[in-house]
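The residues making up each chain are set out below.
Protein chains: 2
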Amino acid sequence: ILGPMTPLERKRLDYHPEIPSLFKNGVFQIAPAKAPHPDLRSLFPRTMDQKAFRLVPGKPHFAPPRRVGVLFSGGPAAGGHNVIAALCDGVGELIGFLNGADGLVRDEWKKLSPDVVAPYRNQGGFDLIGTGRTKIETPEQLKAAQETCRKHQLDGLVIIGGDDSNTNAAVLAEYFLEEHCSTRVIGVPKTIDGDLRSAEIELSFGFDSATKTYAEIIGNIARDAGSARKYYHFIKLMGRSASHITLECALATQPNVALIGEEGLTLPQIVHKLVDVIERRAAAGKNYGVILIPEGLAEFIPNLEGPRDPHGNLQVSQIETDQLLIGEVKKKLKLDKWFPQGHFLGYEGRCCLPTNFDAKYAYVLGCLAAMAIRDRLTGLICSVQHLRKSVEQWQCTLVPIVGLMHFEKRLGKPKPVIAKTLVDLKGEPFTSFVKKRGEWEVQDAYRHPGPIQFFGGAELTDTVPLTL
Amino acid sequence: ILGPMTPLERKRLDYHPEIPSLFKNGVFQIAPAKAPHPDLRSLFPRTMDQKAFRLVPGKPHFAPPRRVGVLFSGGPAAGGHNVIAALCDGVGELIGFLNGADGLVRDEWKKLSPDVVAPYRNQGGFDLIGTGRTKIETPEQLKAAQETCRKHQLDGLVIIGGDDSNTNAAVLAEYFLEEHCSTRVIGVPKTIDGDLRSAEIELSFGFDSATKTYAEIIGNIARDAGSARKYYHFIKLMGRSASHITLECALATQPNVALIGEEGLTLPQIVHKLVDVIERRAAAGKNYGVILIPEGLAEFIPNLEGPRDPHGNLQVSQIETDQLLIGEVKKKLKLDKWFPQGHFLGYEGRCCLPTNFDAKYAYVLGCLAAMAIRDRLTGLICSVQHLRKSVEQWQCTLVPIVGLMHFEKRLGKPKPVIAKTLVDLKGEPFTSFVKKRGEWEVQDAYRHPGPIQFFGGAELTDTVPLTL
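Residue numbers (the working numbering), protein chains in the order written: chain A, 50 to 517; chain B, 50 to 517.
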């Protein structure tokens, strides 16, 4: 049971996300798709030669899907409820599986009628149906999932998740075809990490809201640094592997130093850099500062040891990178007084109220998923391009998930998964950061974006991520 | 040098804080003042019998003060720049002493012309002139402060600070009278902690903005708790000694448990309470939760040991209360899986953009300080009452600081200081919290206030603290 809604939550219920008019008068047209890795053929024989489908003007020729299931997978991201809202608006009956893929396997679900969905429109979190991290991989799990879909006579299943969850969507799509189960499986790209990017996927939903919330907090801490003039704030930012969140927040707040894991510095190089900046600032009379550290930094540091998860990934959230760096810097620093403060920003931004950008983007992704199921498509992920432009110009495409996969070693065995996209060291966001960051080191250039605003003009309420 | 202003910061420059019309057509009338502790007479012979002064309708008969100095003391709080803006608007020339009382002692200052002040109106932080924690106590410091004031021919000195800083303002006021220095000293109540409360001082500025920022973050974390359904978030909230911040945030966000230091529970009692709630939630299928912990909790726990500062205060920020409680709970808990996450919220909220409430309140405090100096008053602190009502109904009074003092043992010696006000266990805010908190323990009633809004209607932009 939810607590009473706050005034801002109530006001956000009145927000109507804009959608491209093609959702009223458009059809899917076959579009070229990237050729998948040839070794995937044995695993995905039925979905291997999928095409992409682009929404273009035309007269729709299928009826809306009658029954659709939806589930969240992985960490929450702002906008998730709007994917559900769009599905609720676009299909006959919608059911939500509880607590991620577990709900599908165990047949635990909730009917998502318009009444039930109404108070969640434009709201943060995944709490309407919860989420989970279970993957459907064993024969037993696959069979149970299929039985649930058959029992509910689902025309489609929408999986809202990150790289691993969309990989799982492709596995389910293939399996359902093999088993002659008529449920179509469509993936929706979700992750605050921003690492589900490619030529096909510009961005996942949730990144904008999370980074704007972190930028608010970093801006406040930076203003505190320049006011109290006493503390060095080491701010670690959530985001497994890739440093997209840190890069976005750095561009938004202009800290003294922002480490980008993808640069591949060794630990001594990083410590040398920090000590150099801190000592030059001290020489300028400034014994305070703001340093951003991506959570995934540890993955890029050669020879760093730490605990690994069952998939063989370094458990970077278990390595206190901020404390590690504080300790190493302290050893080298020739200052009498130095007051470091560690921070970790993560849970603060995954479930905030979605920005207008994420509210619209997630709603459009949901519309696209509903339309894909209407057209009996499967094994595809929703892609919206030209996100920097006005909503009417957003290009909506369904892209074969197998085309996004490569092989990664997991527990010593090659496993087909969607490639995580790292910060491109030749891309515009990073190179423009590199041009400016020298100026931020000693001469304070902190920016304070302030809290996300939902009213007061489009220049406050409808901005897009800087790294887009 | 500041970075370029963000769109929201620029928009906030256009905000004009409302002030009571008595500032245009009012005069001070003598009002009854609380009798100071009799033992203070030997320390404050010249300011001991001060009256209070209340702003009432009438025709002003003094000219605005020609030259005034201002300084920040202690931790930053949102609204500080608006006190300066009001002084800038209300006096002939304003100078700001740099980095707190150090600037006064060392004669380090900055001219605060309207041009210099302009970009700081309604902005967060204390970075225009910085702040510091130095107290002016030794004969050398007192003499140096006096010399600085004489050199600059200051009519008045405004000290913006918390309990200790306003105590210091009273000491300076007395000393300047003794030394026939004509500089008047006026205190302005600032602290996010909310412990500078009394019959005379309803609230200090900064509390509203800080608690609304923390409530935004706590609400986001609570939504994450209910979405991921996996983590117990132990959120420690800044605030030396008193639990006002925690109480305010608890009323705003309705966490599962909020500890209030003033209840005086022992460590085993606290741990028992937490274990009980966690186990009852587990029985209801809920292995997640949100627990608020006041930073000052450690001060109220009998027999807890920890480092003390030079004033003899327990350094509560050095005791990781959240980690301590997580460890103790873990020992008693009979659960296979339990994932606690510690958080500390403090620096995130001291320097945020001030809410409309703090922007107005701080501006009015500055107006009141300017008028006090105009009328050649000294040793007084600015007090605004009826803050829950409309600005026009705010009652503006100058209250003798000595009347707020009591004796506290510091390093074994009794020292006159302004009494810190703890949460009143018989007051309405606490009793209404006690009535509701049982319901929040198992049945989730989280509220998500969302980010501070500056546009979109008074119900979003102009609320007052719930504990007022």
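One should not assume that every hint holds.
Note that the list lumps identical chains together, so a pair holds whenever it fits in one copy or between two copies.
Said to hold, decoys possible - In silico DSS-like pairs for lysine-lysine, Cα to Cα no more than 30 angstroms straight-line: (1) K60 with K438; (2) K475 with K383; (3) K462 with K184; (4) K335 with K160; (5) K469 with K279; (6) K335 with K83; (7) K160 with K60; (8) K192 with K160; (9) K83 with K386.
Bear in mind the hints are in silico, worked out from the structure with no lab data behind them.
Index of numbered hints that the structure contradicts, given in increasing order: 2, 6 and 9
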